[in-house]
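Enquirer: What follows is the residue order along each chain.
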Amino acid sequence: MSDTTTGGGRDSALLLFAWKAVKLAATVALTFLGLLVVTFLIGRVVPVDPVLAVVGDRASKSVYDRVFLELGLDKPLYEQFWIYLQKVLTGDFGQSFLTKRDIVDDIRRVFPATLELATVAILIGTLFGIPMGVWAAVRQGRLADQLVRVFGLIGYSAPIFWLGLLGLLVFYARLQWVAGPGRIDIAYEYAITPKTGLLLLDSAMQGQWEAFRNIFSHIILPAALLGYFSMAYISRMTRSFMLNELAQEYVTTARVKGVPEWRIIWVHALRNAAVPLVTVVALSYANLLEGSVLTETVFAWPGLGQYLTNSLQNADMNAVLGGTLVIGAIFVGLNLLSDLLYTLLDPRVRRGR
Amino acid sequence: MTAMTRREWLLSDRPASRRQARAGQAYRTWLTFRTNWLAMVGLGIVLALILVAIFANVIAPYDPVLGGDLRTARFLPPMTGDHLLGTDDLSRDIFSRIVHGSRLTLMVVVLVAVIATPIGLLVGTTAGYFGGWTDTILMRITDIFLAFPRLILALAFVAALGPGIENAIIAIAITSWPPYARLARAETLTIRDSDYINAARLQGASSARILWGHVTPLCLSSVIIRVTLDMAGIILTAAGLGFLGLGAQPPQPEWGAMIASGRRFLIDQWWVATMPGIAIFIVSLGFNLLGDGLRDVLDPKARK
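So the protein lines, in turn, are chains D and Z. Under the working numbering, the letters of the first sequence match residues 1 to 353, in that order. Under the working numbering, the letters of the second sequence match residues 354 to 657, in that order.
I should point out that these hints are in silico values taken from the structure, not numbers from a laboratory. Careful, some of the hints might be misleading.
[What the hints assert, rightly or not] The calculated label-pair distances, taken between Cβ atoms and stated as ranges, are:
#1 G72/D to F483/Z: 30 to 40 angstroms
#2 T433/Z to K87/D: 36 to 46 angstroms
#3 Q176/D to L437/Z: 24 to 34 angstroms
#4 W565/Z to R174/D: 40 to 50 angstroms
#5 R174/D to D416/Z: 30 to 40 angstroms
#6 A25/D to V463/Z: 34 to 44 angstroms
#7 I154/D to Q602/Z: 26 to 36 angstroms
#8 G557/Z to I154/D: 23 to 33 angstroms
#9 P570/Z to P131/D: 24 to 34 angstroms
#10 F428/Z to Q176/D: 21 to 31 angstroms
All C-beta atoms, glycine included, are put in the ideal place defined by N, C-alpha and C.
Given only the sequences and the hints, what does the whole structure look like? Please build it.
Expert: So, in structure tokens, the structure goes:
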């Protein structure tokens, strides 16, 4: 790629970006198709008879046969997949046997709770994780470095559902610092009108500060726990990026020029480390979806994770596969986003070097 | 030539046989590994887990499944009599259950490693060695599996296969192999055009023989490090499945399921849910420390 003139450089950069976007879109489409194949095949091997799940086990033979045909189970597998594909693409995941509602509606209803939890968690993880990683890199090999490492290792090693139970035991039952399971106390539940579905935002916009306090004291413990796990990852990656930057020559130059050390660390080096860090934060955000399944179960948090486990325990396969698919799609989307952000933010990648 | 001590024989600059060279290499690795005390702690924990699992019958003072007297021995707090960690709602000794549970944990880790590693190696080396369409198709499939968060995919598989520890192991193995395939492919790409591979090919060795005899051994060390680093995650996933009631079923003394059953008594009898969690934490910390140490020793590129 030639960039002899600035104009040509920008053109080629745009072209490269567009080409990359097209290629990524194709990859994502293919991956998503793969997700559908996997969920479809999982749905086929279930020992639960899908017809019995609809009609119940006391239905007569004729009713059973009619539903069998309605569900298209007599058609060959590839044709069934084609029907499944068309349905999913038009936003039809079928009905939940448990709630008797469309799964898309169910997911739309529970999703804001998970989004709110994950967002507060990633804020906590980033706000604490990055300074910790910087601190560890600056003090490499010394006590602070070891402390951050051990703190991170604990995060990697402890089962999140167990930490959640301990947190409830200590901070809710014994110390009574925070509110218990659930998103909000019943007393406040009807005080706020849901607009965005994000209760913190809704209550703040409507000036319901008492309800806001209540919601905050509900969310802080599960969010801090989830945030701890992303903090462990973010601080580890920040440390390694910062070590990389601090060994560069521009840092030595800055030191020789007499730039104050805090400025070198927090302005010069961190700004360069920030580009790969964006990717890391986006990936942690995606990983929070996984942690949220167990956390939501422990904290009775009415989000996507709890919906998924509830459906699992009741063998509600449509809901399980719908939820799995949505989570997979979000995961793919966030990965794509982090990739694109990387291209946009790093001038070296943009120039195609 | 004077007689050498064993140490001199191992550290010799001019090994006389292939066996001596290999033993010397392993010994040098061990010497480096030994200086990393955190890794040694990890190794100690893992060895302790194996010993406890083998001698569970001897160590555990009580039966893991049959409880004691329901009128007098329920919910005894830790350190009552000879119940080191107390008893649960069915008067079972928690310490004995944890000791027996180590067998389940070890079984999960070993079986997942035994199933997932060969799949990953096979897919990765095949894709890397043949390239072209084989590579594209195999890596697409790998990417699809990587596109799901692991626990979620394992959940969906267990939902399809039905709960139980065997199905949990299969589900975790199915979701574990893709990173190994990626790694093995990358390693294969760097060696597939080297002279010794070409030499083997010119001698008429079949592709299968080259893959199995010449490519796979070179991919092994990096894949094994990765598997060790993943073991903690495997333990946590298995415990998570157990906690959700989809893994091991009661009365099996699986640690995650034990936490789930102790959850109901959390506020008043905190030890029932807390103790198994400590066991999970220690074991997965051990695997993490060991994996970190192995990576530092065997993979100098990753050391920072």
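Enquirer: Does each hint fit the structure? Answer for all of them.
Expert: How the hints compare with the structure:
{"no.": "1", "hint": "G72/D to F483/Z: 30 to 40 angstroms", "verdict": "holds, 38 angstroms"}
{"no.": "2", "hint": "T433/Z to K87/D: 36 to 46 angstroms", "verdict": "violated, 59 angstroms"}
{"no.": "3", "hint": "Q176/D to L437/Z: 24 to 34 angstroms", "verdict": "holds, 31 angstroms"}
{"no.": "4", "hint": "W565/Z to R174/D: 40 to 50 angstroms", "verdict": "violated, 59 angstroms"}
{"no.": "5", "hint": "R174/D to D416/Z: 30 to 40 angstroms", "verdict": "holds, 33 angstroms"}
{"no.": "6", "hint": "A25/D to V463/Z: 34 to 44 angstroms", "verdict": "holds, 42 angstroms"}
{"no.": "7", "hint": "I154/D to Q602/Z: 26 to 36 angstroms", "verdict": "holds, 30 angstroms"}
{"no.": "8", "hint": "G557/Z to I154/D: 23 to 33 angstroms", "verdict": "violated, 55 angstroms"}
{"no.": "9", "hint": "P570/Z to P131/D: 24 to 34 angstroms", "verdict": "violated, 44 angstroms"}
{"no.": "10", "hint": "F428/Z to Q176/D: 21 to 31 angstroms", "verdict": "holds, 24 angstroms"}
In summary, the structure is inconsistent with hints 2, 4, 8 and 9 from the numbered list given earlier, while agreeing with the others.
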